[in-house]
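> Residue numbers (this note's numbering), protein chains in the order written: chain G, 1219 to 1723; chain S, 9 to 189.
Treat the hints with caution; some may be incorrect.
To be verified - Derived pair list, reagent style DSBU-like, types lysine-lysine, alpha-carbon separation capped at 30 Å:
(1) 122(S) - 176(S)
(2) 176(S) - 158(S)
(3) 1593(G) - 1423(G)
(4) 1534(G) - 11(S)
(5) 1531(G) - 1593(G)
(6) 1423(G) - 158(S)
To be clear, the hints were calculated from the coordinates, so they are not data collected in a lab.
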Amino acid sequence: MSTLLEMIADGRQIGPHAPWPRAVMPPDAWAFAAVQLASGAWTLVSLWAEPGEVHLALFDPAASAIGVMSLRTDSGRFPSIGASHLPARRFERTVRDMHGLEPEGSPDNRPWLDHGTWSVSAPLGAPSREVVSPVVTEPYRFLPVEGEGVHQIPVGPVHAGIIEPGHFRFSANGETVVRLEERLGYVHKGIESLLVNTPLDRAAKLAARVSGDSTVAYSTAFAQAVEAACDVEIPSRAAWLRALMLELERIANHLGDIGAVCNDAAFALMHAHCAVIRERVLRAANAAFGHRLMMDRVMPGGVGADIDRAGRKQIKQLIATIRRRFPGLVALYNDTTSLQDRTVHTGYVDLELVTQYGAGGFVGRASGRAFDARKVFPRAPYSSLDFEVPTSDRGDVDTRVHIRMSEIEQSVSLIDRLLDGLPEGETRTDMHLRDAEGMALVEGFRGDIFVWVRTKADGTIARAHLRDPSWLQWPLLEAAIENNIVADFPLCNKSFNCSYAGHDL
Amino acid sequence: MRKTILGSLVSFPLTERAPRPDEHALRELAERVHETARRKLGRSLSIRQVDAGSCNGCELEIHALNNAFYDLERFGFHFVASPRHADILLVTGPVTKNMREALKRTYEATPDPKWVVAVGDCAANGGIFAGSYAVEGGVGDVVPVDLHIKGCPPSPTDLLAGLLALMKRKLPQPKRRFWSR
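Construct the complete structure from the given sequences, taking the supplied hints into account.
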């Protein structure tokens, strides 16, 4: 059996394409990929399209390699991967909505992001396919749930808290959830369409606003993809500052979510204390980089904000505070049995599912999938820094909380060493775009963010595809809630904290 | 747990402990918000937040209003779960086509008198997402807006200042009674 890279080497190479290859493959290779995915030999990274072509990004865990297979679809149809590999289904429904390409043999042909409100159909498809009236006219069909006493609870898109919009359709029997079906796409802003033929600086700004909580991770992923395409090496100080910001972002989000999970179990004390440390992280970020969320601080070619002595001191103080305060909060969590009563054995996801979906981040790692893009594809400075990737196989809400607590400890230690070892020098290098394609996989707090771009020599981005880690985590939430009670849904949901904005794009 | 609670009881409030240059302004602002809220609202104003298409950045900062540093509830503002309990809709994001209907219905479900505050640059006119096939525009293109709070995202301090401005400019002046000053 050939490895993914050997297989792609046999196809018609597209280049320059870095750091991983892309090739146009014959239909039998596409069919073989579907078999490999279904058997679990390969993992789906993403599936997207452009006029006349479908792209399939794959990860070969045995070889730790990524490759992209492309299939020409002059007929407007392509053989469905989702027919045999469930994780591909929402991607294919999106390709159908966005590009008008039909996944042949897919059992689920319902629209996904297209709610029938746009003035165009297939907005990313070939121009000739554009029609004036929306194609989606019939009401959305939720999957049927049958049985005595089963009732439905529709929730959303406007939720009760200060959170993003999405619709959840619960089918419950008494208190027990029999099935949860998600319907997303409410915050779809057409970002990939806005990215078509866009000047680089505007494209970077758009990438930074895909998901506000992961703005550093998205900016970094986008910048790395552009730099890979154009074969640009950024100054090492810039790479270290990016890592510093990434770890600050990770800590801030983990703190917010650990508190929020506890709050959803009515344990407000933990929430209040976590929120205080989170606020300190944001203030330190503001002092060091001039923006609380560090938005637009990472850009292609390097970083736009350098850290001075005062900023450095702020962050040093911050990590001292976290080291002093956080262990007490971990102990508080561990000692509160009424809280653990809610989190232990709630929202269980098994290793088989996270492996099948290739779920990244703490969702994957809490169920035993030890994937971390910082380790699997090491780059400076992570390649020279020693850190652990906390992993467990217990797979419940409690484990996801614990993994995130351990990740905070790791990130604090990383930040300490990043500050100490921060190289001197430039923070930006000039970007000269060329006709090329690039990709990047960056570990945000949620998991690995995948970005693919096609750059043009005139300084614009021709096309881009950004895949949030949530794409491969949202479906697992549907599995996690099964046989739990409705009242535990907020806990399960918050323990995943999937992105709506990042998914809907 | 006892240790954590006791620790909180014997330590000073957070805003007092680490004064920084910008915190003076924040404290001043807080006092003004407090006074105005008391005079005009009798310490009770319910806010319903609606994400109509935001990137989630504004939500994070709105969340921060509830932390111990800003503690919005001390002014009598609180976030409610239903638009039917709300006086103010705090709307973020460019309004996406897919959220337009939900936003309109949320607005209609909010009892009068009501005010709409559009939060963030995108909420003003669609921001960087303006012109997309999937974006309707700013919040004002779908429901009447009383106040815009700018920023990408606005900081919690900006949000506090915005809410103060709303109370000063938009909310009705309390009737003068003979026993009042």
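> Taking the hints in turn, state whether each one holds.
Here is what the structure says about each hint:
no.	hint	verdict
1	122(S) - 176(S)	15 Å, holds
2	176(S) - 158(S)	18 Å, holds
3	1593(G) - 1423(G)	28 Å, holds
4	1534(G) - 11(S)	26 Å, holds
5	1531(G) - 1593(G)	29 Å, holds
6	1423(G) - 158(S)	17 Å, holds
No hint from the list above goes unmet by this structure.
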